[in-house]
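A.B. asks: Spelled out from the first residue to the last, the chains are:
Protein chains: 2
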Amino acid sequence: MNPEFIDSLVIKNKTKIVYLIMDGIGGLPSGNSHLTELETARTPHLDALAQRSVCGLLDPVGYGVTPGSGPAHFSLFGYDPIKTSVGRGLLSAAGIDFSMTERDLFMRVNLATINADGIVTDRRAGRIDTDSNRRICEKMQAKIDLGTNVEFFMAPEKEHRALIALRGDDLSDELTDSDPEAAGKAPLTPRALNPKAQRTAQIIQNLLQQTRTILSDEERANMILLRGFARYQKFNTLPERFGLTPLAIAEYPMYRGIARLLGMDIHPQTGSIEGEIAALGTSFDNYDFFFVHIKPTDSLGEDGNFDAKVKIIEEVDSHLPAITGLNPDVLVVTGDHSTPAVMCGHSWHPVPVILASQTCRPDRVERFGERDCIGGGLSRIPTMHLMGLALAHAGKLSKYGA
Amino acid sequence: MNPEFIDSLVIKNKTKIVYLIMDGIGGLPSGNSHLTELETARTPHLDALAQRSVCGLLDPVGYGVTPGSGPAHFSLFGYDPIKTSVGRGLLSAAGIDFSMTERDLFMRVNLATINADGIVTDRRAGRIDTDSNRRICEKMQAKIDLGTNVEFFMAPEKEHRALIALRGDDLSDELTDSDPEAAGKAPLTPRALNPKAQRTAQIIQNLLQQTRTILSDEERANMILLRGFARYQKFNTLPERFGLTPLAIAEYPMYRGIARLLGMDIHPQTGSIEGEIAALGTSFDNYDFFFVHIKPTDSLGEDGNFDAKVKIIEEVDSHLPAITGLNPDVLVVTGDHSTPAVMCGHSWHPVPVILASQTCRPDRVERFGERDCIGGGLSRIPTMHLMGLALAHAGKLSKYGA
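As given, the protein sequences belong to chains A and B, one line each in that order. This note's numbering numbers the first residue of the first sequence as 1 and each following residue consecutively. This note's numbering numbers the first residue of the second sequence as 1 and each following residue consecutively.
Be careful, since some hints might not be right.
To give an idea of the interface, some chain B residues facing chain A are shown, with a C-beta separation under 8 Å as derived from the structure [what the hints assert, rightly or not]:
{"no.": "1", "residue": "I96"}
{"no.": "2", "residue": "F98"}
{"no.": "3", "residue": "T101"}
{"no.": "4", "residue": "T270"}
{"no.": "5", "residue": "G271"}
{"no.": "6", "residue": "R361"}
{"no.": "7", "residue": "G375"}
{"no.": "8", "residue": "G377"}
{"no.": "9", "residue": "L389"}
{"no.": "10", "residue": "A392"}
{"no.": "11", "residue": "G401"}
{"no.": "12", "residue": "A402"}
By construction, these hints were calculated from the structure, which means they are not laboratory data. Each residue gets a CB set at the ideal place from its N, CA and C atoms; glycine is no exception.
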């Protein structure tokens, strides 16, 4: 079933859906206990919720496919993650609240260090701090000149990451990256993937030449690496598809960006998990769909820090009563993908999920864990169908056919 | 997900994948014990492997669909078995190492017996021996004359089975079979399924008329039955799709043929299961993908010989330490389809599977059997996605999206 099939069935009502997304929640066993991070964590509230709900396992993209955060989140919100291909540049632009227009071309920037021979010695410029990043963006913004037909914008993200946007007519994103993706190599020359992109390729090459001169006096960030060229793209939003009035509560730019692309309001950053849960409570009357994004489960998994990931899961568990106390009609607890600490990165393993509502058909899952969820009533399904299930359990989908 | 989606994610490395395929492994209970062949077999090594791996059930083609060996194997290697429609004739040609060209039309031949009224009395000419088959092929090869524009080739397979290839311009495989598929009927006249195939239909009718005369002095094999017309077809091979250097270790022509069509090197026949496992060991350094095909599980299932199928499974189990001792990065144990002895044929039942690797997420399966695999962490998935999982667990797939 195409996940857009449900759009024609949507009916509006006042029920409320909460998505509690622990990024990278799925894991793998480590050490002697043979338990995953989630199985190791003491999660009395999540376990109690699992007992009175339906559980299962979600495949973000497909069997064996390790998703990036972009496709994994599109899937959570009911978008086919393969058909919904979004360039990294566009996600960056959305994530820093860049005021987009349809004439824009976006690209993801790494500030980097090159040596006298032009070889990249550090793809992240020593993970340069955000303030230095901002200073460099301002310097570039003042000096880059691409002529009268193309406007240039550069804005910092965190640490070594930044956004560049070009605004002009007929700009193309069909270009190869300049980022060589490894130190010890020279930056690549972006090339047009088809004739229509030739002019844009020349503009980018001009931009890179000017950058080299402008940043030549910098000690660390003396070059930029470009990737993820992406033109502005209009999505069918959650309000348009499902008639929802959605709010995103997320700390990290990219997730805020995805939420904005999908038509969600964005809550101001709160600085903590506790703050995010509190924000859910104070906003609860004003929206009917809530995307609460917990980042550290993923970051700590990527760091290979099994024990700290366990602790974060336990912290989230401790806040669960504040969520269930709001009595949402549907509460979904899951992740966008797995980030096993033993792999120090995203993985293809399916993601455990709890879906709690009055209309859940009970299964026999007693604990929220990967092994337990194998036997869940949802069984193992593509993540992109989760949204339809949430809407159904919230009474927001009508009958199909007579 | 289209199984070809993973092709764009492939990265090359030195990890090794072993596919141990017990043809027709899946079964059904027989007699009082209510256990399947696999559940009856004493398989301590497979059970131990199941305990430290992830298990599940595979659907070769789709719910309720009983596959032939061709589609079932294409599925195992990551090809959509419905989109990848391969004529039986092409599989036969590949299986006997026929030197194919793009101008070739292949067909599967049964040597058969007809009576004075032209009615088929035995579709297999009394399961005539291979030597007699060879003599008849040579006789046909010497006498058939299809004119200057069409070359004729005929070559024996085992017992009553043979291959015919026609070589010429604009030959079509859009023809109906001549094999009536049952004794007591006359051979059918192959007909063109569209106007472009008219000329080929006439050539085939001419061939059949000549055959009747040429073989009229034969006691048993006095006619041929044709089916599975297929033109030459170029596949995207495993080396092309996945960057693999694959080796097939298989005794039977058709599996060797499929492997060859998919770009595998073919190990010389060894004559025994023990020989096949030994071949895996001696070839292990030179390849990174190994297809080890065990035929008797299927043949004995087709014979309805429950106990002998059990014994073969136990024999394979006894060789498992020789495989695990090689420390492949990924070891998959499964079948192409089920062949329950009580049904004396292939069936649509899903096939139990073990996938063992360092990155397996454990489930609670303690034994390798159909019932146990229901609760496996892979759950029940289409066979065509097994290859993506094997590649992922071997670290051969990169992340999708940022």
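A.B. asks: Under the criterion of a CB-CB separation shorter than 8 Å, is I96(B) in contact with chain A as hinted?
C.D. replies: violated, 34 Å
A.B. asks: Holds or violated: is the Cβ of A402(B) closer than 8 Å to a Cβ in chain A?
C.D. replies: Interface hint status for A402(B): holds (4 Å vs cutoff 8 Å).
A.B. asks: Does the interface hint hold: is T270(B) within less than 8 Å of chain A, judged Cβ to Cβ?
C.D. replies: Violated - the Cβ of T270(B) stays beyond 8 Å from chain A, reaching only about 31 Å at its closest.
A.B. asks: Under the criterion of a CB-CB separation shorter than 8 Å, is A392(B) in contact with chain A as hinted?
C.D. replies: For A392(B), the interface hint holds, since the closest Cβ of chain A sits about 4 Å away, which is under 8 Å.
A.B. asks: Is the hint on R361(B) kept, meaning its closest Cβ partner in chain A is under 8 Å away?
C.D. replies: The hint holds - R361(B) has a Cβ within 8 Å of chain A, the shortest such distance being about 5 Å.
A.B. asks: Should the hint that G377(B) touches chain A count as held when the rule is a Cβ pair under 8 Å?
C.D. replies: It holds, given that the least Cβ distance between G377(B) and chain A is near 6 Å, below 8 Å.
A.B. asks: Return the status of the interface hint for G271(B): holds when the least beta-carbon distance to chain A is below 8 Å, violated otherwise.
C.D. replies: violated, 35 Å
A.B. asks: Holds or violated: L389(B) as interface residue toward chain A, Cβ cutoff 8 Å?
C.D. replies: Since chain A brings a Cβ to about 4 Å from L389(B), closer than 8 Å, the hint holds.
A.B. asks: Can the hint on G401(B) be confirmed by a CB-to-CB distance to chain A that is less than 8 Å?
C.D. replies: holds, 4 Å
A.B. asks: For the hint on F98(B), does the least C-beta distance to chain A fall short of 8 Å?
C.D. replies: violated, 35 Å
A.B. asks: Does G375(B) pass the interface hint, meaning its C-beta sits closer than 8 Å to a C-beta of chain A?
C.D. replies: holds, 6 Å
A.B. asks: T101(B) was flagged as interface toward chain A. Is the shortest Cβ-Cβ separation under 8 Å?
C.D. replies: violated, 36 Å
Violated hints, in rising order: 1, 2, 3, 4, 5; the structure is consistent with all others.
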